[in-house]
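Protein chains in written order, with the working numbering: chain A, 1 to 320; chain B, 1001 to 1320.
Be aware that a few hints might be false.
Stated by the list, open to error - Restraint ranges, calculated between C-beta atoms of paired labels, are given here:
hint : chain 1 : residue 1 : chain 2 : residue 2 : range
1    : B       : E1043     : A       : H291      : 29 to 35 angstroms
2    : A       : H177      : B       : L1171     : 20 to 26 angstroms
3    : B       : G1230     : A       : D239      : 43 to 49 angstroms
4    : B       : G1230     : A       : N95       : 57 to 63 angstroms
5    : B       : Q1284     : A       : L229      : 37 to 43 angstroms
6    : A       : G175      : B       : Q1099     : 56 to 62 angstroms
7    : B       : G1126     : A       : E318      : 21 to 27 angstroms
8    : B       : G1070     : A       : H291      : 16 to 22 angstroms
9    : B       : G1023     : A       : E100      : 48 to 54 angstroms
10   : A       : D239      : B       : T1040     : 46 to 52 angstroms
11   : B       : Q1284     : A       : A25       : 55 to 61 angstroms
12   : B       : L1319     : A       : H84       : 52 to 58 angstroms
13   : A       : W30       : B       : N1146     : 31 to 37 angstroms
14   : B       : L1171     : A       : D289      : 29 to 35 angstroms
No lab work stands behind these hints, which were simulated from the structure alone.
Just so it is clear, the structure is predicted and the values come from calculations on it, not from any experiment.
Where a beta carbon is used, it is the ideal one built from N, C-alpha and C, also for glycine.
There are 2 protein chains.
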Amino acid sequence: LVDLILALDFGGTKHAAGVIASGEAVWRGWKRAITPDNGTAREDLEIMFSLARDLLVGDIPAAIGASFGGPVDADTGLVRTCYHVHGWDNLPLKNLLEQEFGAPAWVDNDANLAALGEHRFGAGRGVQSLFYITVSTGVGGGWILNNHLWRGANNMAGEIGHLCIDPDGPLCACGRHGCLERLASGCGIAEDARLLLTRSPQHGQILHQLVGSDLSAITAQLVSQAYNLGDRLSQQVLDKAAWALGKGIGSVANLINPELFILGGGVTNAGERYWQIIRQTARQEALPDVHFEIQPAFLGDTAPLWGAVVLAQDNLNELK
Amino acid sequence: LVDLILALDFGGTKHAAGVIASGEAVWRGWKRAITPDNGTAREDLEIMFSLARDLLVGDIPAAIGASFGGPVDADTGLVRTCYHVHGWDNLPLKNLLEQEFGAPAWVDNDANLAALGEHRFGAGRGVQSLFYITVSTGVGGGWILNNHLWRGANNMAGEIGHLCIDPDGPLCACGRHGCLERLASGCGIAEDARLLLTRSPQHGQILHQLVGSDLSAITAQLVSQAYNLGDRLSQQVLDKAAWALGKGIGSVANLINPELFILGGGVTNAGERYWQIIRQTARQEALPDVHFEIQPAFLGDTAPLWGAVVLAQDNLNELK
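I would like the entire structure built from these sequences, with the hints used as guidance.
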């Protein structure tokens, strides 16, 4: 009789669940659902329970791993808060999952679990230390040091998004100036493009054609598209974002000296020029003796789900 | 029969040696010597051998730990280079010590060993993660994570000195702009005071009186003295240095989330106002949920020697 592992990923725009046999690397099955607009924590849980029940078809899992897109206390399995959906504050996710499925559960945030997933199944296999950075709506990160997740003294490690890149830079949502997240995230890129297009429309004609007259429709993805079509304004914006990310990576390399940086998230699909600027800036920012590589994520947006498998698997092994 | 541990500290301005019984926390004896001007690696070694022979009086140590004030490959015990003294490049310090004293030796850099010393014998006792920062001629650091030294993938972790605090800031010796070391080190402080005193002498009258007409005689220590006597120019300079250090600490807290920061080195004796600015800026820079303390070092300039004891002791225990 095999042990089944149930992996769950509570995301900002979609939820995913998967079932895998302990020790295997191929899913028995997995499912996704788009999150409802203006949903609540209760609805999110209902959706996830339903996905999981469909996959389990009556089986009881041996262990559950869950990824959550927000701050989590990994020791207690308590969700601290969710920035997008109401009702998550201080919700005991670990306990709720254990009650629902009758199996031990472990919970962590998506950046930590993406790092764990990439380390065991993705771009970080065979490496002892890495920093996974997700560049998406926001910017976050997760650490693997000595082959283990490093969560920090109070589960807050990895917050590269609010590394100050330029104290005279634009205001970030956190109230500080020139944070990496403000300069390099999808939101920041869209905002910069909007500002520049209002100021000097003649440089952003390709972007303007893509987006039409409604500048609020600008997204990082459209900027990226225009960038690769040669739009000057979009190049200016994305070059700056890549520079900021490179500065951040170089600083982190000096501080912690990991073997590998893995970059994931939608924004990192911006193309060769974007990656070149990141690599070049990071190399210049780091001291000559500090060696590292920068690689794209391998698992895409399934990385947290794979990390949830590893979390459940490792904890199950420890229980035995 | 007790095991004796020989601890050595090859410093920039002085060398120190100590002998301690394994498992004890009180020196059997220790000695210091000022380094010669324009000395060589060979002379440094002769001085150290002589100090050690005086302390050992014919006994053979069970293990040797050595701190070196420059980049070291801790795995092989090879000194990479020394920025002050000729002849150290690629010197196999571990092997030289083993040949001289007939005992196994381990070598690491001074910032790592100061972190280790403070963790076991000083301000970091009982804490599982800390970052030790030395603010002296330069700025460097050493990591304790999960109760162990974290050296990085190629022994370069802890280089907070070249964290970029302000990309539009003054040129650092490393060729980059606005590095923490340029803004907060003893050298940087002295340079800023010299520049400002040339430009607006009316604000630095107390400093001017302390130093006389020879502005090249300005040191961070004199700036600190003038600062505590109310010199406006010195306050401006040291406030900026404290701000830069606080920014760096807050960023590191977000990235790695250690329990404790320990600050050592001569510059950190600048007084209450300097510490207040560091603590306040670090708190503002860190995210609200990121908790940490900032404490002064406890062991002063003996921290690397104590760390050398821990390094030798731990490796000796592993051999047994």
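Where does the structure disagree with the numbered hints, that is, which hint numbers, in rising order?
Hint check: 11, 14 fail, others pass.
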